[in-house]
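Line by line, the protein sequences give chains A and B. Residues in the first sequence are numbered from 15 upward in steps of one, following the working numbering. Residues in the second sequence are numbered from 15 upward in steps of one, following the working numbering.
Think of the hints as simulated: they come from the structure by calculation, not from any bench. Mixed in with the good hints there might be a few duds.
No copy is singled out in the list; a pair is fine if it fits within one copy or between any two copies.
Said to hold, decoys possible - In silico lysine-lysine, DSS-like type, Cα no more than 27 angstroms apart, as pairs:
# : residue 1 : residue 2
1 : K372      : K270
2 : K210      : K107
3 : K359      : K270
4 : K270      : K355
5 : K344      : K234
6 : K270      : K204
7 : K210      : K241
8 : K80       : K381
A quick note: this is a predicted structure, and the numbers were derived from the prediction, not measured.
Take a look at the letters that make up each chain.
There are 2 protein chains.
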Amino acid sequence: MNDKHLNELFEFLSIPSISAQSEYRKDIKQACLWLEKKLKKIGFETDIIKTKGQPLIYAERFVNKKFPTVLVYGHYDVQSPDPLEEWFSDPFKPEIRGGNIYARGASDNKGQLFTWIAAAEDLGKKCELNLKFIIEGEEEIGSENFDDFVNDNKSLLSADICVISDSHAISPTQPLISYGLRGIAYFEIKIETMPKDVHSGIYGGNVANPAIILSQIISKMKSEDEKINIEGFYRNVRKLTKQERSLLSKLPFGEKEILEETGAINVLGESGFSVHERAGARPTLDVNGVWAGYTLEGQKTIIPGVAHAKISMRLVPNQDPYEIEKIFKKFVSDNTPVYAKSEVKTLSLNKPVIMDIKNPYFKKAEKALIKVFGSRPIYELSGGTIGAASAIKNILRIDSILMGYGLPDDGIHSPNEKISLEMFEKGINANKIFLFG
Amino acid sequence: MNDKHLNELFEFLSIPSISAQSEYRKDIKQACLWLEKKLKKIGFETDIIKTKGQPLIYAERFVNKKFPTVLVYGHYDVQSPDPLEEWFSDPFKPEIRGGNIYARGASDNKGQLFTWIAAAEDLGKKCELNLKFIIEGEEEIGSENFDDFVNDNKSLLSADICVISDSHAISPTQPLISYGLRGIAYFEIKIETMPKDVHSGIYGGNVANPAIILSQIISKMKSEDEKINIEGFYRNVRKLTKQERSLLSKLPFGEKEILEETGAINVLGESGFSVHERAGARPTLDVNGVWAGYTLEGQKTIIPGVAHAKISMRLVPNQDPYEIEKIFKKFVSDNTPVYAKSEVKTLSLNKPVIMDIKNPYFKKAEKALIKVFGSRPIYELSGGTIGAASAIKNILRIDSILMGYGLPDDGIHSPNEKISLEMFEKGINANKIFLFG
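Next up, chain A with everything else stripped away, as it sits in the complex (with noise of 0.2 angstroms):
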């Protein structure tokens, strides 16, 4: 392993960049000088890019006009990293322990994403493709501005192929390509019945409680099923073939590697559908945050005023999610009672992507991670969301290749988020391969 790359690595994933918080925005900023220093240091020209939100940095290396070019998307943004006390380590002090380096940010997107870099330093001028790379800071927040700047730079942008490394492999034997990735509608609700809280034993009885409202609503939105009972959510859902069913039913992973990866007591999913086609082929409704009234030690007789829930919804090929967001916001609004009112504020809206695996770079990929990681990757349809993906196929029709070198227990978005150092120097070396051949 070569420790200069380590090194920087570390300084990268230093920077608090959450995208989600505003408190962060000056480490935000700090993220996109420091990349942009790098990123000229190896040869590239480059452009920190203003929009409304996060900037962007777009970096360039031509090394003959003639060559392809291969467009390689990352972002510079994280999650929060709270629950802040189930960490073993400080997520913000990178620290290796037992092979992983620790940190958040680790596995999504600065270590896969700094594999990429890595491979432009070690290469040079040796590479025979031309590279850019568009580097977001807003992926985690729903890509909000990504979809207006690409429209604006379709010259900027063009490119033979994109490749993304924002994603896993099954194991450092057996390298993946996801082929397609689910969008996502993503919603916070607040539900009010009273300007304020009040006093339980006065109250108690004769005001409405906007908690156990916000309760009866999200639990109207799922069957015990787990079928979604928004009118209209399944109508575009696209049909699975026969021959895609199959070829899901081979990925080596099931119920068991969930139950290993989470912990979880049980697997629960919708009926009718295995757990690989629960995975990326079929869409979900989650709550992902809920909030009213008195949360912290010991009580407070209090009946809240009002109460909030964040909701999103991960959609699948051909579900419009601009569609989702009318439905979502009339079944929100046909079920708030007369005695609330019910506000649904959209956070982000995402397509879903299918790219077509028949561009012959894609061969090019599967020989490189066949090289470095001795197997043949398996293709599957992710179950996340990749904003800038479905913007670059949907406006630019360029396909992504989707070279995942997390694993599937690197904890993104969880406490203790992790890389293996090893899938960090496999992807690194893949890479070289993928673009000096």
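Since chain A is already given, all that's left is putting chain B on it; use the hints.
Leaving out everything else, chain B in the frame of chain A:
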């Protein structure tokens, strides 16, 4: 108004003696020391009594061993002031605006308790009653240690009558005596499906969401007509007599006042009962707080591992909180699906209580209130809970007269709690008449 009393009340209100949160332990101590010093200065012998939780203050002043003795109960602890951002002034920097003192505890209970301390000071030895104070520091967290203390100190607390000012009048010209108080059973529920939060893209569709399960359980607790569905919940509820129903129906408040005081969109309550019956004679169930997953700004795409709720029930005679604890725990356990585990922690259990209003001291209280407020007090069943009143009645067999000097819009347990200067002064004067005649 006596400026000295006001200045001293301000001092007392400035101490953030929040019992629910352990970080305020030193403020609890300060409130005790403040009370002890004050009561000593006006001729009382005092004792700070340790408990397993917050200490109690006992004080006595004997004028004449042959005189009857009145026990004054109050509490020095206050509710948490959050949400802080909704206060117009610092909850622990009392401020007078528009004839009211604004501070956490202004009405509940420091201000009302202080009317008795001020009356005792003004009268000095000119009392025709011996005086005992018992002031606790755990009223807002369920008076957990009060029953044990009373059981162990029956002779210390012996008295002919108890007075408690920890409720409210209808208006500054219409006093109110509560002759009954609801009990309470307060619980915290934890639903867990996984030991950690996980990525909603990778695992969404295959693992159970504890926030949804919690919503389902809460939804099942009440029907749409506000009936509580916990089996056996209504079993021991005392039926109101025709006479009582008719008496309660004469109380000069109703839906209009509830809407004005709370700002609620609508009144909502158990079908088949009047506003007054629901407020004091019928049990309730409320969610006091709920939390799970990500609750900060923006979005985080996780499935939480655990979800929590604080849920309390106000109980009426002859419901037994220990019986309610049993059936509530059974309800939660019966409704927890196999893919989750649930835990119910009991935060407090207090019995409901009814006083014998034929006790002659009620007439004495009536006379004092009529003289100061100008009209005969109305009798009501209060919706609130004062654990101590129940212990004093059930263990010592002493009736309590609940002479309320708050007003319905005091906002106790809410932001911007206040006490009216007029009520504070009238309270002191009525107490002086009660104590001296």
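Go through the copies and call it for K270 and K355: within, between, both or neither, with a Cα cutoff of 27 angstroms. Between copies only: 19 angstroms across, 43 angstroms inside.
27 angstroms Cα cut-off: does K80 pair with K381 within a copy, between copies, both or neither? within (23 angstroms within a copy, 103 angstroms between copies)
Checking an output row: K344 and K234, CA cutoff 27 angstroms. Within, between, both or neither? both (13 angstroms within a copy, 24 angstroms between copies)
I want to check one pair: K270 and K204. Are their C-alpha atoms no more than 27 angstroms apart within a copy, between two copies, both, or neither? Classified as between: cross-chain Cα gap 25 angstroms, same-chain 37 angstroms, threshold 27 angstroms.
Within a copy, between copies, both or neither: which one fits K210 and K107 at a CA-CA cutoff of 27 angstroms? Only across copies: K210 and K107 sit 21 angstroms apart there, 41 angstroms inside one copy, limit 27 angstroms.
At most 27 angstroms between alpha carbons: which applies to K372 and K270, within, between, both or neither? Classified as neither; 32 angstroms inside a copy, 70 angstroms across copies.
Tell me, please, which holds for K359 and K270 at an alpha-carbon limit of 27 angstroms: within, between, both or neither? neither (37 angstroms within a copy, 32 angstroms between copies)
K210 and K241: within-copy, between-copy, both or neither at 27 angstroms Cα: between (35 angstroms within a copy, 24 angstroms between copies)
Violated hints for the displayed structure, listed by number in ascending order: 1 and 3.
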